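Please construct the entire structure, taking both the sequences and the accompanying hints into account.
Using our numbering, read the sequence shown as starting at 108 and increasing by one per residue.
FYI, nobody ran anything at the bench for these hints, they're computed from the structure.
Mixed in with the good hints there might be a few duds.
To be verified - Restraint-style ranges between C-beta atoms, simulated for each label pair:
1. Arg469 x Glu349: 32 to 38 Å
2. Arg402 x Glu349: 21 to 27 Å
3. Pro462 x Arg236: 53 to 59 Å
4. Arg479 x Asp276: 46 to 52 Å
5. Lys449 x Ile292: 34 to 40 Å
6. Pro462 x Arg381: 23 to 29 Å
7. Leu488 x Lys359: 47 to 53 Å
8. Arg290 x Asp419: 25 to 31 Å
9. Ser362 x Met450: 31 to 37 Å
10. Arg290 x Lys431: 37 to 43 Å
11. Arg381 x Arg479: 33 to 39 Å
In this text the structure is predicted, and so the values were computed from the model without any measurement.
For each residue, glycine too, the CB sits at the ideal point set by N, CA and C.
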Amino acid sequence: MAVEKFDALEQETASGLALGTDIEHLPSSEPSGPPSTFEKLCGTYISNTDRSRTFVNRLAYEMDRDERVRKICRVKLRQNKCELTDFDEVMQRTLEVFFGSMLAKIEDQDAVYAVVYAVAHNVSREVLRDRQKLLINHRSIEDMEEKGEELEQVGLADQVEVDHDRDIDTEAATIKMAAALKRVINGEQTVASSGIYAMDQDPMVRLVQPKPSDEEHETDTTSQTKPADASSKRPRGGSRAELSADQQELVKIGSDLGLRNQDYAFALGIGLPRLSSYIYGRTASVPDEVMEKARGLLAEEPHRRERLKRFDRDMSVILTDWMKRLGTNDDEDMGTTLGVTKMTIYRWRNNETKPDATALARYEQRIDYEIRMRKAVEQRLQGKRS
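Written out as structure tokens, the structure is:
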């Protein structure tokens, strides 16, 4: 019996509505649960049984406290990207529109919540639109109240387009300035003269001008009349002419080794800000353990200068030498060996880019390791064959 009903239902669904079918005579869908108090009161109002003022007030009270109505307003509030603080505004407007224009048009109490759903959707979109226009046209409602303006007297602003290009340029400029500031803090870059006098004194020390004697006063007056010698001028902050002997030796070792400040600090086992304070003269002296490590690095790398001389060539020549040692002409295989992309190999061949000395030394170590591994594999294979 159940199978026959199911087949009949499938045939009826597949055939669809026949031509000339009256929609009003189609069976209506049954409600999923018992009617709520709000639905019952709406049915009483629709049937014109009681439309007194007391009854309408009770109907409004039941609609305001109905959990399903409040949930519909909250759901539409979230779907239309409204603020949670606008829930009371959406609820109030929904009640106004429902009682003002929609209640008199409803003919069946089962359609009440569907009407509430549609009204809440439209009202939440209006609240979002009004909120955005208010924020664009005015900074805040408090400022309007302080100026004596009222919301009814103020015209809403038109739609304002956002300049995304300006936002992107602003973000890029901010990142660039932050990187420059970091280099200045680390001592890698000095700030150009901006015409602002910077007092080179400790701000926590009180400056007291001593009273000169008669002889000192005469020497001061004579020295003020003479022009200042250019060689006696104190170089601007961070000059390496003011470095101590240890600091000058530390700078010389770094330049001889051809290391970047980051790699030099890592090899010495200190941080980059600390190394910058040594090589730019922010500290009076360099600790002995740091100088011992620096001299040890220079002693451990006797062939570094020869390596730097080999790297003092065009990148295309260096790349050709590497590929000749590896016995390959494929850019993809070369990039896999060095851990770079094929486009990087292409730029190296055309001398568009060239890594620094530290990176070149690291790449050459990989090539040496690859060659040693190939020779070891060949020797092992020859030993098995023999």
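Here is how each hint holds up against the structure:
Here the CB-CB span from Arg469 to Glu349 is close to 34 Å, well matched to the stated 32 to 38 Å. Range check, Arg402 to Glu349: about 23 Å between beta-carbon atoms, so the 21 to 27 Å window is met. Between Pro462 and Arg236 the Cβ separation comes to about 56 Å, which falls inside the hinted range of 53 to 59 Å. Judged by the Cβ atoms, the range 46 to 52 Å given for Arg479 and Asp276 holds: they are separated by roughly 51 Å.
Our hint of 34 to 40 Å for Lys449 and Ile292 holds, since their Cβ atoms are close to 38 Å apart. The hinted window of 23 to 29 Å between Pro462 and Arg381 holds, with their beta carbons roughly 26 Å apart. The beta-carbon spacing between Leu488 and Lys359, approximately 49 Å, falls within the hinted interval of 47 to 53 Å. For Arg290 and Asp419, the Cβ-Cβ distance of about 26 Å falls inside the hinted range of 25 to 31 Å, so the restraint holds.
In this structure the hint that Ser362 and Met450 lie 31 to 37 Å apart at CB holds, the actual value being about 32 Å. At roughly 39 Å, the beta-carbon separation of Arg290 and Lys431 lies within the given 37 to 43 Å, and the hint holds. Restraint check, Arg381 to Arg479: a C-beta distance of roughly 37 Å satisfies the suggested window 33 to 39 Å.
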